[in-house]
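Peer 1: Sequences listed follow chains W and S, in order. Going by our numbering, the first residue of the first sequence is number 22, and it counts up by one from there. Going by our numbering, the first residue of the second sequence is number 143, and it counts up by one from there.
Please keep in mind that the hints were generated in silico from the structure rather than gathered at the bench. Some hints here could point you the wrong way.
[As the list claims (entries may be wrong)] Simulated DEER-style distance windows between Cβ atoms:
{"no.": "1", "chain 1": "S", "residue 1": "Arg249", "chain 2": "W", "residue 2": "Gly149", "range": "45 to 55 Å"}
{"no.": "2", "chain 1": "W", "residue 1": "Thr58", "chain 2": "S", "residue 2": "Thr186", "range": "52 to 62 Å"}
{"no.": "3", "chain 1": "W", "residue 1": "Leu62", "chain 2": "S", "residue 2": "Thr186", "range": "53 to 63 Å"}
{"no.": "4", "chain 1": "S", "residue 1": "Gly211", "chain 2": "W", "residue 2": "Leu62", "range": "49 to 59 Å"}
{"no.": "5", "chain 1": "S", "residue 1": "Gln236", "chain 2": "W", "residue 2": "Gly149", "range": "47 to 57 Å"}
{"no.": "6", "chain 1": "S", "residue 1": "Arg232", "chain 2": "W", "residue 2": "Leu59", "range": "44 to 54 Å"}
{"no.": "7", "chain 1": "W", "residue 1": "Asn168", "chain 2": "S", "residue 2": "Ala241", "range": "26 to 36 Å"}
{"no.": "8", "chain 1": "W", "residue 1": "Arg155", "chain 2": "S", "residue 2": "Ala260", "range": "32 to 42 Å"}
{"no.": "9", "chain 1": "W", "residue 1": "Ser179", "chain 2": "S", "residue 2": "Asp267", "range": "18 to 28 Å"}
{"no.": "10", "chain 1": "W", "residue 1": "Tyr163", "chain 2": "S", "residue 2": "Gly201", "range": "18 to 28 Å"}
{"no.": "11", "chain 1": "S", "residue 1": "Ala268", "chain 2": "W", "residue 2": "Arg155", "range": "41 to 51 Å"}
{"no.": "12", "chain 1": "W", "residue 1": "Asp84", "chain 2": "S", "residue 2": "Met179", "range": "23 to 33 Å"}
[Said to hold, decoys possible] Just a few of them, taken from the derived set where beta-carbon distance is under 10 Å, the chain S residues facing chain W:
{"no.": "13", "residue": "Asp168"}
{"no.": "14", "residue": "Leu171"}
{"no.": "15", "residue": "Ser252"}
[Unchecked claim] From the derived model, a few chain W residues whose C-beta atoms are all more than 10 Å from chain S:
{"no.": "16", "residue": "Ser33"}
{"no.": "17", "residue": "Arg87"}
{"no.": "18", "residue": "Trp122"}
{"no.": "19", "residue": "Asp131"}
{"no.": "20", "residue": "Ile133"}
{"no.": "21", "residue": "Asn156"}
{"no.": "22", "residue": "Lys194"}
{"no.": "23", "residue": "Glu195"}
On a predicted model such as this, the values are computed, not experimentally measured, just so you know. For each residue, glycine too, the CB sits at the ideal point set by N, CA and C.
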Amino acid sequence: MSRLDRWFEGMSRQSARRLSRRSWLSRFGGVLVGGATLPLLPVARAAEKHRLGEDGVKGLKGDPRRCEYWRHCAIDGFLCSCCGGSHTACPPGTEMSPVTWIGTCRNPADGIDYIISYNDCCGKTFCGRCMCNRNEGERPLYHWYRNNDINWCGGAKSQTYSCSTAVVVKAAKEAQPEK
Amino acid sequence: MKGLLLAMGLLLLALPTRADSYEEHDYILNCSGCHRMDGRGSRTVPSLIAMAELRGKPGARAYWAQVPGAAQAPLTDVRLAALLNWLVKRFTGQSPNPAYTGEEVKRLRSTPVRDPAAERIKIRDAIVR
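With the rest of the complex left out, here is chain W (with noise of 0.2 Å):
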């Protein structure tokens, strides 16, 4: 025991002789403060746009809540992830349709046209916020699957449209319209 309190007191007086406080509480502030600012850095920010979503589509994640996100250039309807649920998945009590209409957007992150499959929520009253309608390749309704006024809860169980998801299918050979 008394070794070790020797050991420790040899220690803290060579640190005390070597050290002033004030530079130990400089350093260690300044490891706190630069941790913290690190994200903040450019290099971070440069890394994240490499970042992989939840689905392995590259780039940044954006705000799903937001109508500008780019997976919702095809979108009619209230965004999933502004009422419980999020882009790729239903609210609670409600059920993805089977049945539903798919477009093509760009991720401007990679520049690679990707198939999306708006999978409508069904099941309980419309949702009401996030209100999305950018319809960007939709046709008319005599195209009707290709057309999003139409109420893609047909296939569900309930026919009462909640809101709507953006699933990313995999990657387009081409945007659409077709050639």
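Since chain W is already given, all that's left is putting chain S on it; use the hints.
Peer 2: Coordinates of chain S only, in the frame set by chain W:
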């Protein structure tokens, strides 16, 4: 090493043909929304897996190109022919013989079927003599 180079060369040769095939892309964009990715359909949409019931039946070949989903797809005749060849192989296990061509599809899709469900039963239950 030589074998590896040869394999890489073959792979490079194979790449352009892969890049030109739009069948899966066209299926996802024009069919899968309603028939679903695996083709099993839903309560309101016919199953593509059930295409196997019509395999080899007289009239099936024309019928598959004339149903509204095929005939009215926003695809050129050539692209639709390629998609049909891919689709029939995938869901019946047998490539159409001979393969659909653009001209044939153009002719078929200009005369769509009026009652697809009834026409399907007629083809399925026809007695082949």
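Peer 1: Could you run down the list of hints and mark each one as holding or not?
Peer 2: Against the structure, the hints come out as follows:
1. With their beta carbons about 50 Å apart, S:Arg249 and W:Gly149 fall inside the hinted range of 45 to 55 Å.
2. Our hint of 52 to 62 Å for W:Thr58 and S:Thr186 holds, since their Cβ atoms are close to 57 Å apart.
3. Our hint of 53 to 63 Å for W:Leu62 and S:Thr186 holds, since their Cβ atoms are close to 54 Å apart.
4. Under the hint 49 to 59 Å, the C-beta atoms of S:Gly211 and W:Leu62, about 53 Å apart, fit the expected range.
5. Between S:Gln236 and W:Gly149 the beta carbon distance is about 50 Å. The supplied range of 47 to 57 Å therefore holds.
6. Distance hint check: the CB atoms of S:Arg232 and W:Leu59 are about 51 Å apart, consistent with the given range 44 to 54 Å.
7. The given range of 26 to 36 Å is respected by W:Asn168 and S:Ala241, whose C-beta atoms sit roughly 32 Å from each other.
8. In this structure, W:Arg155 and S:Ala260 meet the distance hint of 32 to 42 Å, their C-beta atoms being roughly 40 Å apart.
9. At roughly 35 Å, the beta-carbon separation of W:Ser179 and S:Asp267 lies outside the given 18 to 28 Å, and the hint is violated.
10. Hint check: W:Tyr163 to S:Gly201, Cβ distance near 27 Å, so the stated range 18 to 28 Å holds.
11. Look at S:Ala268 against W:Arg155: about 48 Å separates their beta carbons, and that is inside 41 to 51 Å.
12. Separation of W:Asp84 from S:Met179 is about 28 Å and conforms to the stated range, judged on CB atoms against 23 to 33 Å.
13. Annotation: interface hint on S:Asp168 holds; nearest CB of chain W at approximately 7 Å, less than 10 Å.
14. A hinted interface residue such as S:Leu171 counts as satisfied when its beta carbon comes closer than 10 Å to some beta carbon of chain W; here the least separation is about 6 Å, so the hint holds.
15. Because the smallest distance between the Cβ of S:Ser252 and any Cβ of chain W comes to about 17 Å, over 10 Å, the interface hint for this residue is violated.
16. Non-interface status of W:Ser33 relative to chain S is upheld: no Cβ of that chain comes within 10 Å, the nearest being about 64 Å off.
17. Chain S leaves W:Arg87 outside its interface by the beta-carbon criterion, the shortest separation being 25 Å against a cut-off of 10 Å.
18. Listed as a non-interface residue, W:Trp122 fails to keep its Cβ farther than 10 Å from every Cβ of chain S; the least gap is roughly 5 Å.
19. Non-interface call for W:Asp131 relative to chain S: holds, since the shortest CB-CB distance, roughly 17 Å, exceeds 10 Å.
20. Every CB of chain S lies more than 10 Å from the CB of W:Ile133, the least distance being 13 Å, so the non-interface label holds.
21. Every beta carbon of chain S lies more than 10 Å from that of W:Asn156, the smallest distance being close to 16 Å; the non-interface claim holds.
22. Chain S draws W:Lys194 into its interface by the beta-carbon criterion, the shortest separation being 4 Å against a cut-off of 10 Å.
23. For W:Glu195, the non-interface assignment is contradicted: its Cβ lies about 7 Å from the closest Cβ of chain S, within the 10 Å cut-off.
In the structure shown, a violation is registered for the earlier hints numbered 9, 15, 18, 22 and 23, in ascending order.
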